[in-house]
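Peer 1: Given next are the chains, with one letter for each unit.
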Amino acid sequence: MSSFLWGCVVDFFTYETNKAVVVKRWSVGIVNRIVQVIIISYFVCYVFLHEKAYQSTDTGIESSVMTKVKGFGRHYGRINDVADYVFPQEGTNVFCIMTRLYVTENQFQGRCADSSQFDCKMDEDCEQHYGAVTASGAITDKCLIEDNESPGFCEVEGWCPTENEAIKSEPMPDVRNFTIFIKNSINFPLFDVTRGNFPSSMTADEIKKCTYHPEKSPFCPIFRVGDILNHTGQSVEEIIDKGGEIGINIEWRCNLDLDVEYCVPHYSFTRLDKPFEKNAISKGYNFRYARYYKSENGTEYRSLYKVFAIRFDVIVTGHAGKFDVVPTLINVVAALTSIGLGTFLCDIILLNFLKEADQYKAKMFEEVSQAEIEASLAGSQLSLKPGIKSSLDSGVPSPSDQAV
Amino acid sequence: MSSFLWGCVVDFFTYETNKAVVVKRWSVGIVNRIVQVIIISYFVCYVFLHEKAYQSTDTGIESSVMTKVKGFGRHYGRINDVADYVFPQEGTNVFCIMTRLYVTENQFQGRCADSSQFDCKMDEDCEQHYGAVTASGAITDKCLIEDNESPGFCEVEGWCPTENEAIKSEPMPDVRNFTIFIKNSINFPLFDVTRGNFPSSMTADEIKKCTYHPEKSPFCPIFRVGDILNHTGQSVEEIIDKGGEIGINIEWRCNLDLDVEYCVPHYSFTRLDKPFEKNAISKGYNFRYARYYKSENGTEYRSLYKVFAIRFDVIVTGHAGKFDVVPTLINVVAALTSIGLGTFLCDIILLNFLKEADQYKAKMFEEVSQAEIEASLAGSQLSLKPGIKSSLDSGVPSPSDQAV
Amino acid sequence: MSSFLWGCVVDFFTYETNKAVVVKRWSVGIVNRIVQVIIISYFVCYVFLHEKAYQSTDTGIESSVMTKVKGFGRHYGRINDVADYVFPQEGTNVFCIMTRLYVTENQFQGRCADSSQFDCKMDEDCEQHYGAVTASGAITDKCLIEDNESPGFCEVEGWCPTENEAIKSEPMPDVRNFTIFIKNSINFPLFDVTRGNFPSSMTADEIKKCTYHPEKSPFCPIFRVGDILNHTGQSVEEIIDKGGEIGINIEWRCNLDLDVEYCVPHYSFTRLDKPFEKNAISKGYNFRYARYYKSENGTEYRSLYKVFAIRFDVIVTGHAGKFDVVPTLINVVAALTSIGLGTFLCDIILLNFLKEADQYKAKMFEEVSQAEIEASLAGSQLSLKPGIKSSLDSGVPSPSDQAV
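Protein chains in written order, with the working numbering: chain A, 1 to 404; chain B, 1 to 404; chain C, 1 to 404.
One thing to keep in mind: the hints can contain errors.
Derived coverage of chain B by chain A (criterion: at least 3 residues anywhere in the stretch with Cβ under 8 Å from a Cβ of chain A; other residues may be distant) [to be verified]:
no.	region
1	57 to 70
2	83 to 95
3	332 to 339
Derived from the structure by calculation, the hints contain no laboratory data.
Glycine is no exception: its CB is placed at the ideal position from the N, C-alpha and C atoms.
Make the full structure from the sequences, and use the hints.
Peer 2: Structure follows, in structure tokens:
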């Protein structure tokens with residue numbers, strides 16, 4: 001019994017390796033090495049150096065953005081400040097700056113003619129427009145006709161008088177000179193690294209006086225609206241007139257194997273509504289809001305504002321990488337494994353495309369025919385040498401030995 | 001010296017491959033081929049065709065959403081328009097449409113009874129509620145008793161009169177007919193592809209007149225609120241009464257190997273607050289806001305609105321894939337490597353489950369015992385043939401040859 | 001012809017495996033097994049148990065957050081409620097709670113002295129400040145001098161009187177006792193699992209009375225502002241005075257192989273503007289907004305509020321994992337493949353660091369020299385035994401046999 005166990009132990013610590021055939025032939029040897037060099041180059045240059053496969057990466061960047069707009073805009077004799085032209089006022093990462101405005105003042109609840117559209121000759125003409133969402137109110141069953149010569153307009157119920165866009169308003173040109181201050185703090189939770197978008201070494205004075213410029217001051221957190229619009233390469237005039245959506249992309253690509261001070265943001269600017277450039281409708285960006293007042297007698301009335309605005313989306317993306325043992329090992333193993341592909345290619349050449357292919361086959365392959373085995377089986381009943389290969393280990397070959 | 005170097009070069013370009021044993025046996029051969037066919041099928045059908053492993057993918061979709069609601073809602077004699085019932089008004093990707101409203105008009109700062117809760121008999125009863133956040137104001141130390149028969153109420157300091165939810169208000173049924181226009185532009189930064197959620201070939205008229213329908217007009221960007229609520233499969237009545245949160249999912253799955261025109265959005269609608277269906281409290285969605293006025297003498301007063309609303313979250317997800325050499329190569333290598341698993345399985349069969357297993361073992365394994373080596377070592381001191389294997393290359397086998 | 005086809009079929013189902021050399025030597029055998037045990041341990045413990053490589057994971061968590069603040073804050077004799085101090089009022093995942101306030105009441109459009117900055121002695125002094133965005137309005141060309149002894153101030157056009165921050169206002173200490181109710185529902189689209197952040201078994205009473213505590217009530221969705229500020233480890237006094245940005249992180253790490261009831265949120269709290277602690281300017285968080293009124297004669301005027309606030313960002317992250325056949329298989333194959341690395345290491349030892357290395361080399365490598373092949377080629381022209389290896393299969397070795 002104990003000698004059986006001992007046999008098992010001996011077999012367990014028996015080492016198996018593949019028997020190799022060494023072919024001394026220049027052509028095949030050179031092809032083999034070239035393939036190996038290509039594979040090693042790919043892993044060293046692309047996988048390790050370019051893709052930094054020795055790092056573990058954190059793509060789950062957590063970001064917080066605070067914005068603050070400054071500047072004064074003259075629009076039809078009024079000077080608007082940030083409380084007037086920025087929506088919403090809380091300084092979030094998505095905000096709008098008004099560029100143009102229609103005001104419909106002193107609207108009261110009531111009934112009036114929808115002068116902008118839906119002309120009619122008699123009440124029946126209006127019935128077909130019941131429930132039209134593009135009207136200025138809920139369409140009633142009346143056609144209001146002032147005189148018999150010009151067409152009348154359908155009556156609507158709602159806030160009266162209705163909005164009248166016929167008078168074209170002028171945009172507010174000062175918007176170009178407004179400045180946007182962006183405070184962006186990010187966190188890579190995996191590495192517990194937090195960074196701000198401007199260095200703490202900047203003095204209050206430096207920050208107050210600087211303006212972002214891609215080369216001259218790439219870390220200044222203050223952006224001139226005109227500069228941003230120019231960077232998008234779009235028509236500034238058109239954006240100011242019709243509104244638009246601008247993306248301010250802040251990209252953090254941090255190699256944390258270097259000093260953390262090199263983990264800095266890169267800014268870029270895009271026009272987000274670009275795919276709709278060629279569309280027939282809904283160019284630009286506008287919305288409506290109202291300010292509500294109460295008259296002396298307690299009746300509520302409002303002023304309706306149709307605002308054309310530039311919407312800014314501060315979009316923060318990024319990833320960080322840092323050396324880690326696990327991905328390094330995994331990729332080294334993958335590299336070693338892949339080197340074997342050279343053998344694969346060379347075997348094909350050796351066994352097919354050389355005139356001595358059959359000789360190489362004869363050397364490389366050892367045939368075990370059924371007949372041979374059966375003959376051997378008949379004989380071995382008599383003379384089987386025990387112990388050659390009978391243990392768990394040798395019987396169930398480890399996959400490393402033959403398989404993969 | 002130069003002949004030694006030449007020897008090294010010769011050895012370096014020596015090619016090694018594994019010596020193979022060829023077993024002519026149907027059973028094992030068939031198992032081997034079947035396993036290989038399964039593995040190849042898995043890679044071809046699942047990995048390459050289904051999972052598109054030959055593509056590099058971009059999951060970092062950048063998205064910008066603009067929304068615009070239209071429609072008129074009659075609520076207690078007033079016609080509300082978009083400036084009245086949408087919050088916030090800027091047309092962002094998260095917005096609320098009011099469905100029901102409590103108004104508490106003309107609140108002034110002062111002291112009054114909190115009539116909704118906190119009844120009391122004497123001042124001491126109120127002291128225990130000090131700092132209660134569910135009151136309508138800061139609770140003072142007084143119990144206000146109108147007459148001795150009914151219980152009194154604790155006095156609160158704050159905006160008076162306090163909100164009274166006793167009167168049940170009716171929801172605004174017109175909300176079903178409101179329409180939401182969604183303008184979504186996306187960008188796959190890796191491939192520099194930007195797309196809009198409706199084709200630029202749609203005319204202004206087509207867009208204005210269409211309504212989204214999953215089959216009939218899947219690319220119309222205008223959605224009826226009633227349709228959206230129906231698609232979620234929830235009780236529309238309940239949502240309009242209590243409010244709720246609805247997700248409008250826009251999914252972009254783009255195969256950029258095809259024409260970019262096939263990169264289109266797919267819409268789906270879910271009720272986001274579904275997990276709270278069975279919860280005891282906080283069903284639905286509501287919030288409070290106030291409108292502030294000034295009386296003639298300069299005192300500020302306000303109207304408090306408790307708004308029940310449907311909140312819509314436009315959630316954009318997506319990924320794009322495009323043919324790339326690197327992932328293709330990686331997966332081809334993985335496929336080739338995996339094919340070897342067939343050999344692993346067949347070796348187990350060959351060496352264990354056949355009655356001729358021992359014969360096969362004898363053929364496959366060549367034993368090198370310690371004794372044999374020692375004997376050879378003794379002899380080789382005399383007759384070692386130099387050059388068989390002595391170079392860097394042959395001595396340190398490339399892992400491809402034996403190992404993996 | 002048919003016999004040729006039959007030959008092909010026979011060859012196709014021929015099975016090839018590598019010929020192995022069995023080395024009975026303790027030292028190498030033990031090293032081989034130790035390396036294999038290390039590799040297996042790594043895969044079992046780290047890859048499978050720790051990293052759960054047998055699961056497919058969904059990182060595309062979809063989240064919807066609803067928040068509701070409660071509490072009353074006394075500030076300069078007024079009691080503020082949620083409609084007064086929360087911005088925006090819709091209960092979104094990003095919201096601000098006012099902690100301190102400057103009010104500049106009754107501003108009308110006009111011209112006045114910018115008393116806060118830009119002092120001057122004559123009109124020319126002001127010209128250099130033209131277009132300064134830090135002013136309180138658009139600077140005109142006048143220097144307003146009240147008397148000849150004290151310096152004058154530049155005139156601005158805009159909302160007058162201008163804001164005066166000279167008077168330091170006190171923060172609202174009650175903010176510590178405000179409570180935030182967070183309703184967070186998430187969805188893992190891959191597994192179609194939706195969860196809420198508090199169990200549906202909680203009664204209305206339990207929810208109303210509880211307050212979040214990391215140990216005592218980790219699933220209570222109601223958070224005291226003072227507790228949150230304490231958890232961030234920052235100076236509460238300073239945050240309330242200057243404002244700040246606080247992240248409320250909700251993390252969902254769900255192992256869906258367990259009961260879905262174990263899929264619960266974990267809360268943590270961070271100060272998001274921490275990277276700017278050491279910065280010279282822009283500490284804290286503040287913004288301006290205005291309330292607009294109309295005087296009897298129809299002139300618009302406004303009150304400007306400079307609000308210092310705590311901004312809360314509810315940030316939801318998470319991933320879910322569930323057993324899946326495909327990743328399990330892939331990782332099992334990777335594990336099996338990696339076990340072969342043991343052989344790689346042992347070959348190096350065997351062929352280089354043992355004194356019998358040359359004997360092992362002789363056993364492991366079978367040399368095929370060019371001369372030998374040529375000799376054989378000359379002979380085989382006469383006696384090539386057909387059929388040994390001539391088929392597609394044997395000629396093009398499957399990569400599993402030799403290569404990888």
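Peer 1: Evaluate each hint against the coordinates.
Peer 2: Hints, one by one, checked against the model:
Given a C-beta distance limit of less than 8 Å, the hint that chain A covers the region 57 to 70 of chain B holds, as 6 residues qualify and 3 suffice. Counting residues of the region 83 to 95 of chain B whose C-beta lies closer than 8 Å to any C-beta of chain A gives 7; at least three are required, and the coverage claim holds. Counting residues of the region 332 to 339 of chain B whose C-beta sits closer than 8 Å to any C-beta of chain A gives 4, which meets the bar of three, so the coverage hint holds.
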